[in-house]
Every structure is written in C-alpha cells, then in structure tokens.
Amino acid sequence: MNTLACGLGWFAVAFVAHVLRWRIARPAASGQALIRLMVATILLAAATTWFAGRVVPGAAALVPANAGEALRALVLALALAASWVMTYPAVEVESPTLVMVKAIADRGPGGLAEAELRQVLDEDVMVSPRIRDLLDERLAALRGDRLVLTAKGAALARAFAGWRSVLRLGMGG
Amino acid sequence: MNALVHLGAVAAAAAVNLVATVALCRSGRQRMLGAMAWGAAIGFAALAALGATVSLPLADRLVDVLTYACACYVFVHFNNMGETARRVRLVRELAAAPSGLTEPELVARYGAREMIDRRLERLVDSRQIRRDGGRLTIANPSVLWMARLIGLAKRVVLGERRERAWPRASAR
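Top to bottom, those sequences are chains X and U. Under the working numbering, the first residue of the first sequence is numbered 1, with each subsequent residue one higher. Under the working numbering, the first residue of the second sequence is numbered 174, with each subsequent residue one higher.
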C-alpha cells in the first residue's frame, strides 16, 4: 500500500510544483523545463520521504518497506510524470484536431461550414507558430531567410523517420 | 514477490506490447490505432499471466497495472506524435532539404490546406464527425470530451479563465 501511495504522492507533489511554477511565469522552452522540474521534484520528494522515515517517529510505517519497494514507487511516479509530459503539449499548444471538433460542436446540430474552418485556420494559425517553436526549442535555426535544422532537430527527424520506417508508415503530419 | 521481479514483469509486458504493435502494423492488417490497441491488450494479458502465478495484495497489483498503463500511454503518444504532430512533420521536411527552406517553401511542402485535409480525413474515417454538403457536424462525442478535458487542464495549469473559440495566430 505504501508503494502505491508514495508513487501517487510523489507525482502529485511534482504536479503541484509544475502548476505553481507555470502560474508564476511559464518558461520559454517549456517542454524541457517541465521534464527537468518533474524529475527533480520527484527525486526530492522521494529523498525527503526516505529521510522522514528515519528521523520522524512513526513515519517509518508510511514509507516503502525496503529499497526495492521505494524503487517501484519511484518508477511509478516517473511513469506518471512521463504520461503528463506527453500530454502537456496538447494543453499548451492549440491542437488543430481538438480546435476543429470544438468549433464544430459549438455550432450545434447545424454544424460548421468547411469553408469557414479553412478561412480561420490559415498559415498564420497553423504553421507560423510551429515554426517559431522550432526556433525557440533550438530544433531549427535561421541562416539568412532559410530555416535549417540544428543537430538536435536532425536527431529528432532521424528518430521519427527510423521508427516510422520500422512500422512501414509514411511521413505523417 | 521481489520488487525487481515486479519491475521485470512490467518491462516484459511493455516489450510484448511493442513487439505486437510493430508486427501488427507491419503486417498491414491493422491501422496504427488498431495495432496500438491490440498491442496494449496483448501486453496486459502477458502482465496478467505473469501476475497470476503468485498471490498478491490488490495495491501491489495496482502499482504494476498503473506503471504498465503509463508505459502504454507514453507509447501511444509517441506514435501519435509521428502520425499527427506538425512540428515533427516540419522537422522531417527540413531534414529532406539539407540547404534549408524559406518559410514559403516549407509552407508549400506542408501548409494549412494539407494539415486540415489530413485531420478532417482522420476525423471522418474514425466517425468522429460527419461531412455533408460542405457542412461538418459531430457524429461521436469522444474527441469532443477529450477537447473538454484538455480545456480543463488548460484552466488548471495555465490559469486561462475561458477557452477561445478559435486559436490566436500568435498562440504558442
């Protein structure tokens, strides 16, 4: 029981730290900042729990029974954090699919004209912000007026191209 | 049951999921989404089979199931990024042009029209929306519920008080 409670609790502490930090000021390269914050907070919470179990009277009953159980709790907390990190881009960036579905639903039973959708979701909304993201996250850089990939961007492209060729899938997008 | 055996069982189940998803996807019998759903189910069956050999308290089993569920969720999102993320597609277009591309050149290769076409096609194919005489209506509210959950997360994490009907051009 302590393993489950500690895993959930350590993730909850990291999530609260994330909300507080983002409410104060959202970092620029937010994806990487989120990973660093989540991992650091979970490790700190685990270390604090371990320490409390040894110095606070009665606290030993609330911490994982041994190092192996503590490791399981840590893996659970990190797995929950990884799930949140993967979800976060949809929270920060407007997902076009979700925007489209919400806009269609907002119009009620009569629906939305496809032409209106295309008029609003133009290059300024769909492409330009993502290009700025590539520059902010240092996946691409400007050489004159040309966008070129950085080493990090090239590695990302290779990783996805390789994985999708294993699955025998095309370009995606 | 030793803690390392628990972690090994979860890792083995995740590996079974990975292999099953790749095999189903490569066979062409399943589309990406179906392959991932079957892969997750087969991995879960492997985890249940490994756990069935010993008697464990419910909380102990829950730790393994939750950890495995998180691994599946991360795997689905990773695949989904390759399938739908605009950033990944833009990076791949740039990778195909070693001397780089100007913004208009990049838009010509992957612009708003194709982005909307692909998404509408996926939503119609998965019967989330209906397309009838140039008008779009909701056919199944599951993606709509997802949109509402994301809206709730946006309010909690970013403190946005209400959702906008349409995104701003400057939105990150």
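One or more hints might be untrue.
[What the hints assert, rightly or not] Cross-link-like lysine to any residue pairs, in silico, SDA-like; alpha carbons within 20 Å at most:
1. K327(U) with K152(X)
2. K152(X) with D136(X)
3. K327(U) with S30(X)
4. K327(U) with A141(X)
5. K152(X) with R321(U)
6. K152(X) with A141(X)
[Said to hold, decoys possible] Which stretches of chain X does chain U cover? Using the computed rule of at least three CB atoms under 8 Å from a CB of chain U, they are:
7. 7-21
8. 44-50
9. 109-123
10. 145-157
None of these hints come from the bench; they were simulated from the model. Everything numeric in this text was worked out from a predicted model, so none of it was measured. The beta-carbon is built from N, C-alpha and C at its ideal position, and this holds for glycine as well.
**Report entry** Hint numbers not upheld by this structure, sorted from lowest to highest
**Finding:** 1, 4, 5, 8
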